[in-house]
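**Student:** Listed here are the chains, written in short residue letters.
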Amino acid sequence: MIEERTKLVHAFGALAELGQEVANRHNFQETIRTSLHLISGALGIMRGGVARYSRYGHELNMLAVRGLGDDFPLSLSLCLEDERQFLTNGLNPIETSHARVLPFFQVYDRSFESRRIELFVPLVIRDEIVGAIFLGEKATGETYSSYEKEIICAMGRHIGVAVAQRNLMAEIERQTAENRKLFDDLRTTYNDTVKAFAAAIDCKDKYTEGHSVRVGRYSEIIAAELEWGTAEVEGAATAGYLHDVGKLTVERKIINAPYRINAKESAELNKHPAVGYEILQPIHHPYTDVPLAAKYHHERLDGRGYPDGLYDREIPYIAKIVNLADSFDAMTTDRPYKARRQAPDVVEDLKRNAGKQFAPELVTAFLRGMLREISGDAKDKKFRRLLGREYMETEGMVPLLRKTLNEMKPTSSLTYIAASVGGDGPRH
Amino acid sequence: MIAENLSESSFENSSNTFVVHAGDYLNKLSGEKIERECKIRLEQGCKELVVDFSQTEIINSIGISILLGVIDSAENLGAKIIFSDLNAESIELFEMLGLTKHVTIA
Chain A
-14 MIEERTKLVH AFGALAELGQ EVANRHNFQE TIRTSLHLIS GALGIMRGGV
36 ARYSRYGHEL NMLAVRGLGD DFPLSLSLCL EDERQFLTNG LNPIETSHAR
86 VLPFFQVYDR SFESRRIELF VPLVIRDEIV GAIFLGEKAT GETYSSYEKE
136 IICAMGRHIG VAVAQRNLMA EIERQTAENR KLFDDLRTTY NDTVKAFAAA
186 IDCKDKYTEG HSVRVGRYSE IIAAELEWGT AEVEGAATAG YLHDVGKLTV
236 ERKIINAPYR INAKESAELN KHPAVGYEIL QPIHHPYTDV PLAAKYHHER
286 LDGRGYPDGL YDREIPYIAK IVNLADSFDA MTTDRPYKAR RQAPDVVEDL
336 KRNAGKQFAP ELVTAFLRGM LREISGDAKD KKFRRLLGRE YMETEGMVPL
386 LRKTLNEMKP TSSLTYIAAS VGGDGPRH
Chain B
146 MIAENLSESS FENSSNTFVV HAGDYLNKLS GEKIERECKI RLEQGCKELV
196 VDFSQTEIIN SIGISILLGV IDSAENLGAK IIFSDLNAES IELFEMLGLT
246 KHVTIA
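Going line by line, the protein sequences match chains A and B.
Once you know that position 48 of the first sequence is 33 in my numbering, the rest is easy, because the numbers rise by one and skip nothing.
Once you know that position 49 of the second sequence is 194 in my numbering, the rest is easy, because the numbers rise by one and skip nothing.
Excised from the complex, chain A in its bound form (with noise of 0.2 Å):
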């Protein structure tokens, strides 16, 4: 009786500590091979194994061997005949020289055998099988008694739930990558199409060919000097190509003009930002704010943009960048009525309406990308590309650069204008 008392203490704290390997998360191959130690050292078993189901396979593929030798199999397989009479059975020890009449115990007869297993336990959990246990003999040589088998079945519970979650979390591992693959194809696929459209818009007007690639690739470049995350990047390039969206809708011969248009031809050329925005809102973007880009990206710091004359804070972001890169495009392009302005006239036009016109910091940092570019720093040639080299190296554009940087202001004066001046808050 002492003996028995002292033989459950003794299982009773392998099984706490058994527990408490299960919970602690662990690597799982050691959480298994701990878990046929505490087993093994719990009732005296001289050796054993813990295998994992594969449902797929239909196979029972160890895990943990203790004592099993090298001839043992390392993996079982079941047939439909054993997985029913195991999920009857359920966590309940099998006696293996009972069980001769499943096929199982029959194919794997002579293993079991010369390695004295004397007890297999299916790992039922949920009504799923998720591995087993095999033991060998008793260090006794005893048999095992009802009250062993209630423990070996405690304890192949807790393996049991540790087999399930693993199974669990590597089908979300799985799920999770393969969804990951599937965005990122999807991603792809958008801004392809992204990139198609630009390019369709960009055949309506001939003589601004390619410039909502251009102002995509500018946009692009500001967000990445502003150290944006990858997405970002990408939604502020897809900003930029899909600004323009709205003159889809504008007159080919308004757009064309090769002449300064008149006010009524301007008042519809003005239409394109609103247009723009109904076209994109309703498309489930990936990267939000994309159809607040096309909407204000002809509005200006001071107020005096369109279409709805917002003041600096009152603009979205990605809208002032589209802004900033649609202007320096318009200014290093030629257009119809108009040849492209030479170098350091941009960059002293971009650093007088920096704060009128341009956010100061997106200025900086569109300045500091060109003169990380062309000081050598930087080895994508992304300005020169867009812009040709003699363009980007003029002389004297490095030491305008750094004066021109040296000398912008880090934020705009008017942030707070559109609240203290016009007195009717921010418009939305």
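One or more hints might be untrue.
Distance windows between CB atoms, simulated [to be verified]:
#, chain 1, residue 1, chain 2, residue 2, range
1, B, Leu174, A, Asn164, 53 to 63 Å
2, B, Asp169, A, Gln5, 13 to 23 Å
3, A, Gly126, B, Gly190, 46 to 56 Å
4, A, Arg172, B, Asp169, 53 to 63 Å
5, B, Gly223, A, Pro58, 18 to 28 Å
6, B, Gln189, A, Gly126, 23 to 33 Å
Examples of chain B residues toward chain A, derived with CB under 8 Å [said to hold, decoys possible]:
#, residue
7, Lys173
8, Ile209
9, Ile211
10, Asp217
11, Leu238
12, His247
13, Ala251
None of these hints come from the bench; they were simulated from the model.
Predicted, not measured: the structure shown is a model, and the values here were computed from it.
Quick reminder that beta carbons are idealized off the backbone N, C-alpha and C, glycines included.
Using the hints, position chain B against chain A.
**Tutor:** Frame of chain A; chain B shown alone:
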């Protein structure tokens, strides 16, 4: 050979007998060290393994399992195992779990 740190497992070797000191707490960490060393000696042909428990106060279930593994390996290779200087609690535990059927108690 005198063990430098008796709180940890340590080893001695003389002719065909290998002595391993179990340390004060036989758990997974110390047990695996002992098991590794014993298996190496058994494979090298050692015919007598002495496990010295003179400093051992606690043996947990993992420690028991590891000792069973050592016993199994020794039996397969025809080597003899001697457990020496066991305290009363450890003897009771080993008797209860059947280890004493496989080893000589000294």
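**Student:** All hints, please: hold or fail.
**Tutor:** Against the structure, the hints:
1. Checked against the given bound of 53 to 63 Å, the beta carbons of Leu174 of chain B and Asn164 of chain A, roughly 41 Å apart, lie outside it.
2. A hinted range of 13 to 23 Å holds for the C-beta pair Asp169 of chain B and Gln5 of chain A, which are about 22 Å apart.
3. About 28 Å separates the C-beta atoms of Gly126 of chain A and Gly190 of chain B, a value inconsistent with the hinted range of 46 to 56 Å.
4. For Arg172 of chain A paired with Asp169 of chain B, a C-beta distance near 60 Å keeps the hint of 53 to 63 Å intact.
5. Evaluation of the 18 to 28 Å hint for Gly223 of chain B and Pro58 of chain A yields a pass: the beta carbon distance comes to about 26 Å.
6. In this structure the supplied range 23 to 33 Å holds for Gln189 of chain B paired with Gly126 of chain A, their Cβ-Cβ distance being about 30 Å.
7. Against a cut-off of 8 Å between C-beta atoms, the interface hint on Lys173 of chain B holds, since the closest Cβ of chain A lies about 7 Å away.
8. Given the 8 Å rule on beta carbons, the hint for Ile209 of chain B holds: about 4 Å separates it from the nearest Cβ of chain A.
9. Hint status for Ile211 of chain B: holds, given a least beta-carbon distance of 7 Å to chain A, under 8 Å.
10. Because the beta carbon of Asp217 of chain B sits about 5 Å from the nearest beta carbon in chain A, less than 8 Å, this interface hint is met.
11. Given hint, Leu238 of chain B at the interface with chain A, holds; its Cβ is 7 Å from that chain's nearest Cβ, closer than 8 Å.
12. A hinted interface residue such as His247 of chain B counts as satisfied when its beta carbon comes closer than 8 Å to some beta carbon of chain A; here the least separation is about 6 Å, so the hint holds.
13. Using the Cβ-Cβ criterion of 8 Å, the hint placing Ala251 of chain B at the interface with chain A is not satisfied: the shortest such distance is roughly 19 Å.
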